[in-house]
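Whole structure, please, built from the sequences with the hints as guidance.
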Amino acid sequence: MAGFGGASAASRYGSGVNPASSDWMPPPGGLASISPQLSHVRFERGTNMRIATVSGTVSSSVYGTFQPSYARVTNNGSMTGDFLLADGKVAQLQWGKKLDNGLAIGANVNRSEFDTRAGFGGLLMADDDSASNSVRGGVLWAASPQLLAGLVVDVSSGRSRSILLDPACSCPGRFDDASRAATARVGLTYEYAPQSSIYADYLLGRYRNGAMSMVSRTAMLGAEHLVLPGLYLRAGVAHEPRGAWGRSVGIGFMPSKNLSIDFALQRDMFPELRPEFGRATLANLSMSIAL
Numbered sequence: 000m001a002g003f004g005g006a007s008a009a010s011r012y013g014s015g016v017n018p019a020s021s022d023w024m025p026p027p028g029g030l031a032s033i034s035p036q037l038s039h040v041r042f043e044r045g046t047n048m049r050i051a052t053v054s055g056t057v058s059s060s061v062y063g064t065f066q067p068s069y070a071r072v073t074n075n076g077s078m079t080g081d082f083l084l085a086d087g088k089v090a091q092l093q094w095g096k097k098l099d100n101g102l103a104i105g106a107n108v109n110r111s112e113f114d115t116r117a118g119f120g121g122l123l124m125a126d127d128d129s130a131s132n133s134v135r136g137g138v139l140w141a142a143s144p145q146l147l148a149g150l151v152v153d154v155s156s157g158r159s160r161s162i163l164l165d166p167a168c169s170c171p172g173r174f175d176d177a178s179r180a181a182t183a184r185v186g187l188t189y190e191y192a193p194q195s196s197i198y199a200d201y202l203l204g205r206y207r208n209g210a211m212s213m214v215s216r217t218a219m220l221g222a223e224h225l226v227l228p229g230l231y232l233r234a235g236v237a238h239e240p241r242g243a244w245g246r247s248v249g250i251g252f253m254p255s256k257n258l259s260i261d262f263a264l265q266r267d268m269f270p271e272l273r274p275e276f277g278r279a280t281l282a283n284l285s286m287s288i289a290l
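Per numbering that gives the first Met the number 0, residue 0 is the first one in the sequence shown, and the count goes up by one each step.
Check before you lean on any hint, since a few could be wrong.
Unchecked claim - With a straight-line Cα cutoff of 20 Å, these simulated SDA-like cross-link-like pairs (lysine to any residue) come out: (1) Lys88 with Leu37; (2) Lys88 with Thr115; (3) Lys256 with Arg216.
No wet-lab data here; the hints were simulated from the structure.
As structure tokens, then:
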């Protein structure tokens, strides 16, 4: 989450998962902002990943709010022992527009490219190049001044080229593959006190890779509470029916109307990756600077 919170599909914050929220609240202190962000993801098996992101926000009363962003994903590791290394880049453009009747709509287009290498005992066993494109749409509706409802739908497709080493003959083989994914997320957010809220979300996803497919269902609950003026505490849990529980905590600080700083920790928030990589721990630091 860049800037100042927004974990729910029904969040009013433009840094949330719903592109419709981009125009719900203008950037604090002005009509434009920039948000740098650093994340570190550590998996129990295979890899550590660093993610550096920068995004911008420009608002117009006529055309809505636009948010371009760019991210670089890198590893800290070497090709010795058992390894899984990834290098990638992600670019996206998001737009949202708040209408006059308590309704907002939004869209997001995304392009990602990754190079992934895996090996055992220092020997490169697989080299994979992949690219994917996704389109996301969202709706945000104010059922009352305190209650917001949101819906986010995401569709993506990708292609990959893999070179695998056959241990039987120590010779490489090439494989081309295609993947598709579709997710839908609904959420409710209730503001029980000024700038303090609770949320409940449900995420349904279907992922297909060649002949294999997987369905993921995740329920999420969380809260954001204003402790002192400009100081927020956040906490959340996520549950996947196969037995995975994820947890997140965070703190947000606004020393001025032009600056917001967030720090968050997440544990086991990627249950669909647990069979291959184990539980994940994510640390995130983000800022939002209004211009």
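Against the structure, the hints come out as follows:
1. Lys88 with Leu37: holds (14 Å)
2. Lys88 with Thr115: Holds. Lys88 to Thr115 sits at ~12 Å (cutoff 20 Å).
3. Lys256 with Arg216: violated (38 Å)
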